[in-house]
Amino acid sequence: MLISALYLGAAKLVVAVAVFLLTFYVISQVFEIKMDASLGNLFARSALDTAARSTKPPRYKCGISKACPEKHFAFKMASGAANVVGPKICLEDNVLMSGVKNNVGRGINVALVNGKTGEVLDTKYFDMWGGDVAPFIEFLKSIQDGTIVLMGTYDDGATKLNDEARRLIAELGSTSITSLGFRDNWVFCGGKGIKTKSPFEQHIKNNKDTNKYEGWPEVVEMEGCIPQKQD
537 MLISALYLGA
547 AKLVVAVAVF
557 LLTFYVISQV
567 FEIKMDASLG
577 NLFARSALDT
587 AARSTKPPRY
597 KCGISKACPE
607 KHFAFKMASG
617 AANVVGPKIC
627 LEDNVLMSGV
637 KNNVGRGINV
647 ALVNGKTGEV
657 LDTKYFDMWG
667 GDVAPFIEFL
677 KSIQDGTIVL
687 MGTYDDGATK
697 LNDEARRLIA
707 ELGSTSITSL
717 GFRDNWVFCG
727 GKGIKTKSPF
737 EQHIKNNKDT
747 NKYEGWPEVV
757 EMEGCIPQKQ
767 D
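In the working numbering, the protein residues as written are 537 to 767.
Among these hints, one or two may not hold up.
Straight-line Cα separation of at most 30 Å, BS3-like style, residue types lysine-lysine; simulated pairs [as the list claims (entries may be wrong)]:
#	residue 1	residue 2
1	Lys728	Lys748
2	Lys637	Lys602
3	Lys597	Lys652
4	Lys765	Lys731
5	Lys660	Lys696
Don't read these hints as lab results, they were simulated from the structure.
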């Protein structure tokens, strides 16, 4: 009887140990699977974050859509919006004129830039609705060869323009200036001494049937790369 009891006790102990080991093994396997899953999710999220950062589009100067080649100036500009928001002119990530800078006004807004260095030479606006065209003509005549000229309208940039003013702007490379009318929106980039017509010009007519704003057409925007003047 004593021997039988001993064998029975030993058997129960063996079973208990076996159950304990089996339970420990199962728990450890489940824990490892969960740990692997958690680590997998962590690495997956990290990889996605890295991929997102690496695929984020780069920002170019003035926010233009692509980088400019060497020896070119990046620029972006927009005309005014009705008579509410002024035009904006940016060159090489430097905002030359804008409502925020408080240096824009009704009429034609002009920025002059050194064609070799990109240095800002002057910024002015000329009221072509209630102002006088004579100061604008004198300003246009004073521009030196090799100067980059950027222009944008705000509100109305055409009423006071006469043939002489239009001719002087055309000599800077503009083709649309001859047809610029009351409250048209227009942006232009040319240069003094340019031998051909400028490729940088946008013009939208004031048309009551298509105007985005009551009495004014939509804003026109333009960007590009201006070749640096070489010696």
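Which of the numbered hints above does this structure break?
-> Failing hint: just 1.
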